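Read top to bottom, the protein sequences are chains A and B. Per my numbering, the first sequence starts with residue 1, numbered consecutively. Per my numbering, the second sequence starts with residue 1, numbered consecutively.
Be aware that a few hints might be false.
Intra- or inter-copy, both count: the list cannot distinguish identical chains.
Heads up, simulated DSS-like pairs for lysine-lysine below, C-alpha to C-alpha not over 27 Å straight-line [as the list claims (entries may be wrong)]:
1. Lys30 to Lys139
2. Lys30 to Lys239
3. Lys5 to Lys68
4. Lys166 to Lys38
5. Lys5 to Lys38
6. Lys88 to Lys139
7. Lys166 to Lys139
8. Lys88 to Lys5
9. Lys38 to Lys68
Just so you know, the hints here were simulated from the structure itself, not pulled from any lab data. This one's a predicted model, so the numbers in the text were calculated from it and none came from an experiment.
There are 2 protein chains.
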Amino acid sequence: MTEYKIALVGFGGVNRALAQLIAERNARWKTELGFTLKIVGVTDLFLGSLIGREGLDAGVLARLPAVKGAFAQLPGGSAEAQNAAVIKDSGADIIAEATFTNPVDGEPATSFCRWALENGQHVVTTNKGPIALHGPELKALALRHDVGFEYEGAVMSGTPVIRLAKQTLAGSELSGFEGILNGTSNYVLTRMEGGLGFAEAVREAQVLGYAEADPTADVEGHDVRLKVVILANELLGAKLTVSDVSCNGISALDLADIEQARADGARWKLIGAATRHADGSVSASVEPRLLGNDHPLAGISGATNAVSFNSELLGAVTVSGPGAGRMETAFALLSDIIAIHRRVAHH
Amino acid sequence: MTEYKIALVGFGGVNRALAQLIAERNARWKTELGFTLKIVGVTDLFLGSLIGREGLDAGVLARLPAVKGAFAQLPGGSAEAQNAAVIKDSGADIIAEATFTNPVDGEPATSFCRWALENGQHVVTTNKGPIALHGPELKALALRHDVGFEYEGAVMSGTPVIRLAKQTLAGSELSGFEGILNGTSNYVLTRMEGGLGFAEAVREAQVLGYAEADPTADVEGHDVRLKVVILANELLGAKLTVSDVSCNGISALDLADIEQARADGARWKLIGAATRHADGSVSASVEPRLLGNDHPLAGISGATNAVSFNSELLGAVTVSGPGAGRMETAFALLSDIIAIHRRVAHH
Chain A
1 MTEYKIALVG
11 FGGVNRALAQ
21 LIAERNARWK
31 TELGFTLKIV
41 GVTDLFLGSL
51 IGREGLDAGV
61 LARLPAVKGA
71 FAQLPGGSAE
81 AQNAAVIKDS
91 GADIIAEATF
101 TNPVDGEPAT
111 SFCRWALENG
121 QHVVTTNKGP
131 IALHGPELKA
141 LALRHDVGFE
151 YEGAVMSGTP
161 VIRLAKQTLA
171 GSELSGFEGI
181 LNGTSNYVLT
191 RMEGGLGFAE
201 AVREAQVLGY
211 AEADPTADVE
221 GHDVRLKVVI
231 LANELLGAKL
241 TVSDVSCNGI
251 SALDLADIEQ
261 ARADGARWKL
271 IGAATRHADG
281 SVSASVEPRL
291 LGNDHPLAGI
301 SGATNAVSFN
311 SELLGAVTVS
321 GPGAGRMETA
331 FALLSDIIAI
341 HRRVAHH
Chain B
1 MTEYKIALVG
11 FGGVNRALAQ
21 LIAERNARWK
31 TELGFTLKIV
41 GVTDLFLGSL
51 IGREGLDAGV
61 LARLPAVKGA
71 FAQLPGGSAE
81 AQNAAVIKDS
91 GADIIAEATF
101 TNPVDGEPAT
111 SFCRWALENG
121 QHVVTTNKGP
131 IALHGPELKA
141 LALRHDVGFE
151 YEGAVMSGTP
161 VIRLAKQTLA
171 GSELSGFEGI
181 LNGTSNYVLT
191 RMEGGLGFAE
201 AVREAQVLGY
211 AEADPTADVE
221 GHDVRLKVVI
231 LANELLGAKL
241 TVSDVSCNGI
251 SALDLADIEQ
261 ARADGARWKL
271 IGAATRHADG
281 SVSASVEPRL
291 LGNDHPLAGI
301 SGATNAVSFN
311 SELLGAVTVS
321 GPGAGRMETA
331 FALLSDIIAI
341 HRRVAHH
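Hey, can you work out the whole structure from these sequences and the hints?
In structure tokens form, the structure reads like this:
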């Protein structure tokens, strides 16, 4: 029986949901997945930090009040986020990184990943920033230290995309993909089809918790662009950076455009896409596209996300599912840990 | 570098497409997949058989005229299908089984699989019959002889379903699935939405090559029922046999039903489904279901297939893609061989 010691970096909804899963399901995982998890450290900018090398009570952690410095309430805890200590000195085998993404430099998440990998620890993360902005460096680090580095949740939360393509579509000769990779903008477009104006639909998405107070990253395609970089590099062997991806959002679409599309048997969708050309180069874009109703992504409504993979041997294969949510994203971390367990077991 | 010797059992469209892929792509596979394939035997009820322990020319095989006894034209070939010799005496490491499915007893495909597994050979198959009717016996045989037994193509041709669920959704706590698992019946329903009567739509599907001369197995749900047995046993740990699955097809639906559904914002689909209940039991059915337009399977039109997996941690995750086609199904065999290669490499 394998037990992995895990440290949780960032303790917002996602890692809190992971703690809840550990509290409820560790015994079941022992038989069903072949391993258990023991939390040995937690750190969060807002809540502080706590190290417990003999194992922390996952249930207590999951129920921790979301108040500033709350970890100071627990024995041995601190109101300060002692990130370096939790990553390097907790004895963790695996670091679960789920902090805020800074889309410009990927910090501080990238440093957290770097510290752990350099320290010979496996890293699982749901964070777009480190992969989209520093993917090659971090992957090389993981290779050099012979540890796992998994980030399925960075694209569509728990809905499998990267692992689906790499494990189940290997050999199909992927030539490109098109994706609906942002739930907020897809929700806004869906509501505009219901007659709401753009601003009104954005406001509704904010009330429902889909959109941030500043919805720019969602509706202008910046969030999708990071995901396109990740998928293009991962699945098509590209070496794109963010500036290689042309980016236009949905804010220029109005109700007349939406209505005209309907009249033409089509729908506007914000599509992140990449294509490998005959010379091996890869071009990528984020833009509103008019999809005929028979396109595999045309029927993806509301906050659902989807990717349609195009391959020479299969044509279009499409996966759709949640693109956000605390439990859904915590599952992405679990699926990454399962991948690391398989790796360790085969080593 | 690994080279697998492979024998092709059944040489209709699927294994012929596999031979074509081998002829065109072996060199590429060497670097991209880490192995090459060498065909050492081929057998087919109609075409005869041929053994070549030093390797047969895949290109010559792929171009063989589809005339009775054609293998007799090639040096060393025979107009007779010497199945046992090709499986047992060709020196093959892997048997690619792609013969006709007899939906009642799964023969002769089941015997071909059994011979190979007992002989310590890996088996890849696209055949529903052996898995749906004799799955537990054949899986036990594979386990006993420590060989791989893979059958991704038995459900949705090359579109990943079994491997997707087992590899990328492990730990998500699957509770059930709903699928559109027969392209012919879905095509017929889609055309009825276009105003064609049932008989007329079936005739059109026959002309296009989707439907057999006798369309019963497709439109009455018998084909779907076999796939439901496979998926329920594989993904939900059920122990269902064909008679455990209630089965109703689409032949009772008429244009008035289709039109009424449209008026209600819904669509009729032939759904194969299974659900695991709280007591661990699994119930399964094949039946026309009225799906609201926001259901993940409502937008699956024409001959496309899809499965929506329901899990506790993710809700619905849906995969759609081709459900048939010679190259698409040959890719399923390739994906099975890749799985066997990973198994061998890790052993």
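Hint-by-hint comparison with the structure:
{"no.": "1", "hint": "Lys30 to Lys139", "verdict": "between (29 Å within a copy, 24 Å between copies)"}
{"no.": "2", "hint": "Lys30 to Lys239", "verdict": "between (39 Å within a copy, 23 Å between copies)"}
{"no.": "3", "hint": "Lys5 to Lys68", "verdict": "within (26 Å within a copy, 64 Å between copies)"}
{"no.": "4", "hint": "Lys166 to Lys38", "verdict": "between (29 Å within a copy, 25 Å between copies)"}
{"no.": "5", "hint": "Lys5 to Lys38", "verdict": "within (5 Å within a copy, 45 Å between copies)"}
{"no.": "6", "hint": "Lys88 to Lys139", "verdict": "within (19 Å within a copy, 45 Å between copies)"}
{"no.": "7", "hint": "Lys166 to Lys139", "verdict": "both (16 Å within a copy, 26 Å between copies)"}
{"no.": "8", "hint": "Lys88 to Lys5", "verdict": "within (12 Å within a copy, 49 Å between copies)"}
{"no.": "9", "hint": "Lys38 to Lys68", "verdict": "within (25 Å within a copy, 65 Å between copies)"}
Hint compliance for this structure: no hint is broken.
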